[in-house]
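Here is what each chain is made of, one letter per residue.
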Amino acid sequence: MIWPDLSPLWLSIQLAAVTTVLLLIVGTPLAWWLATTQRRARPFVEAITALPLVLPPTVLGFYLLIFLNPNSTLGGLWRDATGTGLTFSFSGLVLASALYSLPFMVQPLQAGFEAVGRGPMEAAASLRASRLDAFFTVAVPLSKRGFLTGIVLSFAHTIGEFGVVLMVGGNIPGQTRVISIAIYEQVETLDYAQAHALSAILLVFSFVVLLAVFTINRRMPVRVG
Amino acid sequence: MALKLDIALAMPDFTLKAAHEFELAGITALFGASGAGKSTLLRVIAGLETAATGRVEFDGAEWQGTGHFLPAHKRRVGYVFQDTRLFAHLDVAANLRYAAKRSRSLRFDDVVKVLDLAPLLARQVAELSGGERQRVAIGRTLLSDPRLLLMDEPLAALDRSRKARLLPYISRLPEAFGTPVIYVTHSVEEVTRLADAMVVLSKGRVLATGGVADTLARLDIAEASGKFEAGAVVRAKVVAQDEIYLLTQLEVAGQALSMPGSQVDLGAELRLRIRARDVALAIERPAGLSIRNVLKGRILEIEEEAETAFAEVLVDIGDGQRVRARITRASVVELGLTVGQQVFALVKSVSFDRRALPKR
Numbered sequence: 001m002i003w004p005d006l007s008p009l010w011l012s013i014q015l016a017a018v019t020t021v022l023l024l025i026v027g028t029p030l031a032w033w034l035a036t037t038q039r040r041a042r043p044f045v046e047a048i049t050a051l052p053l054v055l056p057p058t059v060l061g062f063y064l065l066i067f068l069n070p071n072s073t074l075g076g077l078w079r080d081a082t083g084t085g086l087t088f089s090f091s092g093l094v095l096a097s098a099l100y101s102l103p104f105m106v107q108p109l110q111a112g113f114e115a116v117g118r119g120p121m122e123a124a125a126s127l128r129a130s131r132l133d134a135f136f137t138v139a140v141p142l143s144k145r146g147f148l149t150g151i152v153l154s155f156a157h158t159i160g161e162f163g164v165v166l167m168v169g170g171n172i173p174g175q176t177r178v179i180s181i182a183i184y185e186q187v188e189t190l191d192y193a194q195a196h197a198l199s200a201i202l203l204v205f206s207f208v209v210l211l212a213v214f215t216i217n218r219r220m221p222v223r224v225g
Numbered sequence: 226m227a228l229k230l231d232i233a234l235a236m237p238d239f240t241l242k243a244a245h246e247f248e249l250a251g252i253t254a255l256f257g258a259s260g261a262g263k264s265t266l267l268r269v270i271a272g273l274e275t276a277a278t279g280r281v282e283f284d285g286a287e288w289q290g291t292g293h294f295l296p297a298h299k300r301r302v303g304y305v306f307q308d309t310r311l312f313a314h315l316d317v318a319a320n321l322r323y324a325a326k327r328s329r330s331l332r333f334d335d336v337v338k339v340l341d342l343a344p345l346l347a348r349q350v351a352e353l354s355g356g357e358r359q360r361v362a363i364g365r366t367l368l369s370d371p372r373l374l375l376m377d378e379p380l381a382a383l384d385r386s387r388k389a390r391l392l393p394y395i396s397r398l399p400e401a402f403g404t405p406v407i408y409v410t411h412s413v414e415e416v417t418r419l420a421d422a423m424v425v426l427s428k429g430r431v432l433a434t435g436g437v438a439d440t441l442a443r444l445d446i447a448e449a450s451g452k453f454e455a456g457a458v459v460r461a462k463v464v465a466q467d468e469i470y471l472l473t474q475l476e477v478a479g480q481a482l483s484m485p486g487s488q489v490d491l492g493a494e495l496r497l498r499i500r501a502r503d504v505a506l507a508i509e510r511p512a513g514l515s516i517r518n519v520l521k522g523r524i525l526e527i528e529e530e531a532e533t534a535f536a537e538v539l540v541d542i543g544d545g546q547r548v549r550a551r552i553t554r555a556s557v558v559e560l561g562l563t564v565g566q567q568v569f570a571l572v573k574s575v576s577f578d579r580r581a582l583p584k585r
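First to last, the sequence lines map onto chains P and Z.
The opening residue of the first sequence carries number 1 in this note's numbering; numbering runs sequentially from there.
The opening residue of the second sequence carries number 226 in this note's numbering; numbering runs sequentially from there.
The set of hints was computed from the structure by calculation and includes no laboratory data.
For glycine and all other residues, C-beta sits at the position ideal for the given N, C-alpha and C.
One thing to keep in mind: the hints can contain errors.
[Claimed, not checked] If we take Cβ atoms under 7 angstroms as the criterion, some of the chain Z residues that face chain P in the derived model are:
(1) L273
(2) A297
(3) H298
(4) Y304
(5) R310
(6) H314
(7) A324
(8) R327
(9) S328
(10) S369
If we strip away everything but chain Z, and leave its shape as in the complex, we get (with noise of 0.2 angstroms):
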């Protein structure tokens, strides 16, 4: 399935200008700064922007193009807002039912089970947590049976604890319903949590899309991410449960490493997000270091923040991955660091995803 998108809408502060085919399969994250043009570009595939102009097709059905525009309800879309938007005179079992009667889904114990909605049935909107709402939002979109489903940043309102509760839900939504997801989103952590694909959207414009590791390993998307948050994901294998220390033995393109024990299964894989900011490199092996996490690589790609005092370094750490390092400029000229040179990246510190990669 496929979103074909060539539009055009003059915003207040630039023009929302796209141009890009979307391969529509599991999660894929549409990912920018805030103010990007993100949920806008999410209204008009929706078509709630009515004056964008330019061309969206689904799944070879023409939903806009010169002097053609198919509104809103007749295109199956779903969209789970940022802020709910339940239906303040329903209760929650009649917000779910106004989706289901008009799409005539039967599919009502299904949604009310995956989402555990059950107990929130009888509820008066107002009497839900946030995270309760999001789960009845999301449940309502599912009910409207859409081809498409158009999530717009639903964890952004939510404090830590209520995300990572309902991490889980979103990302199983696209096996139990066949539904592909656009998933908007300004986390890292979220991006690498949920998504198979991303597309990097930077003041208005596609600036980088592909598979989640490569696009998030590639430079230039700094910009589009924040450089603190910018990093790369690495696919890593559980080998070993260190019992005594405590500590989860992992292995990432032939090469050891280990970050504070976690309950993973034996064989599991993970994917691993590394911050650029928390990699060091040495031109040696280091000795007589805290650091136990050191990956042998090879630069890719030096790049120097003009009117910074850092410099971003891309690390082929082999079996085509990548880390990246945010060192400064200066220690880039002293260890005289040059494309395809050898060295060995120091990790402080790993974050990780316990979502299993997809196999492909």
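Isolated chain P, as found in the complex (with noise of 0.2 angstroms):
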């Protein structure tokens, strides 16, 4: 058997961690205002971004081009500024992936938030601790869970996208051919071996991530009450 080319997987993985780091730094305010806004703006809000989970990734793809080709404003600001596009490239790559798996990482996050409630966090206070100092060390442990959670289906949903970026990035080797990219076209030229390969080592690595949550999980009883 041929040693499959692992580029595309390191890419995948690259792209995955600076995704969930994004989200994580973009994702836990905004999950965090949802979980405690009483505005009117907040189903509004919670709609959009549930959105990724329902549309269909070719139409966000599509949108995504239209807003961030080097034509548009954003694209035109990111030209300028950087002297690269955003569009087939992997910084609009990772900019795709973010919103696409934005849902992934503020839903488990509000869920874990609200757990938290209202009740340690007016505790913190009433002993002294600033909001900020409160969410770090009241609000941020007590919804561990949510944030294992958020970050791994961020990661993993990631890894296993393929429509987003096949509209946003197309398939520049070392740029924008992640490891779903690299398969579809292994099969599509009848190289059944590579594609075997890197499927293969798809599988069991998101088995492997999967079930390694699942445990931790269960080892980190959260204690409320």
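Assembly of the complex is requested from the two constituent chains, each provided in isolation within its own frame, with the hints serving as guidance.
In structure tokens form, the structure reads like this:
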């Protein structure tokens, strides 16, 4: 058997890692806002956040292509700032993946924060902890399950994405040729040996990740009450 | 130290509208029936109700006013919640340190000692009993070095024996830590055992304020406390212990009163609570009765309750002390009771508070 070219796998892992970090930074405040706000705008924001769950990746990819291309406002600004385009580039893929995986980060976090509730936060305030202090020392540790679930689902969902990448990133080796695209191309060109190898790797990788999550989740009881 | 309030907050059933100046010393009970707005008022004081309007002023500093709201974490108000709200992700010691670290309190050992927390330090919060949790919560709050301690029915979730064990810890707090306490409760027993002064809240309004004995003896409080529990508090002195019949002889306003023997020192000053439903009235000193406690007095007030069979009679037993009797309206008419008339109050049962009266 020929050892397969592993660079698409590394690219996928890189993409998933960067996307997950970006989502943690953006998704955490968004989830906190959704979990705590009383505003009427909340259902609108919730619906927008959940859109990637129902939209076909091609629809999301199509709109992203329109908004990110160098002739668009955003794409133009990015090009002026960095000298590269957002479409058919790694940066564009990160942006697209983050949007596509947003609900997978936000929803578990929001559920986690809602489970914590106002009680412990009020207790922390009465013990002279500022809001930010209380957030990091009380809300975050009490919703660690939500964080773990959000991180793993975002990571895994990004590894497994295909449609959006195809629309926005294309198939540039080392840039946008992630594992799912590579397998697709190998099947198209009837290179079943390579496709078998990469598919098996992805299958095992996904299973191991999920197994780890469920095991850790078991061993990490969150005491509430 | 004073806490000035003039606040309003819309609640589901009514508007909480309270204007009052708390003279803070020792323990002040915030008393009223369930749903009277007691806890909400406490939350307003703590800065946890951001929708409240009006003014809150503590010791000359404005906590809340027009266009000004000092956030909860800057008020230095300790809050002991009914449901304790200990942090489940930290053990007992870490819960205590959470507070001590932020206040830079050096009293960790003091607090642990006063509340007997040493055996609990290494325990997980989930392993604690209800009473232990509440003790840890009180300790944690004390370690935040509060200028004012708010306690929201800390004993409500506990059974009788745990309650009895925790009460002495709470009554010691103001002396041990020099922090005034506002204590929310709907239990007359807790008020008489703990508080020096009280504020009565009913349907979101301040109904009565003053010393515990005076306020509890006033008739208009019946509505707030629930008829069944209403009563009066009197001061008594232990004058003798009867070893044969196992009775403790007391003196109340110069009159004798006895109750089942208790381990109290001769000469100790006590507070007794006499429920209105345990008091009957007679117009002559009765004979041939099993009731031993008969207090002579004069009728101060008679309040007939509309649409019930009952009337509440307030009787002055001398020395500025009062008892209340809950009798039927028919009896009032048949005995021809009028204000100013001399009567004998027959006391069927007395409960008392071991804590000596504060010396004033």
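Status of the hints after comparison with the structure:
no.	hint	in the structure
1	L273	holds (5 angstroms)
2	A297	holds (4 angstroms)
3	H298	holds (5 angstroms)
4	Y304	holds (4 angstroms)
5	R310	holds (4 angstroms)
6	H314	holds (4 angstroms)
7	A324	holds (4 angstroms)
8	R327	holds (4 angstroms)
9	S328	holds (6 angstroms)
10	S369	holds (5 angstroms)
The earlier numbered hints are all upheld by this structure, with none contradicted.
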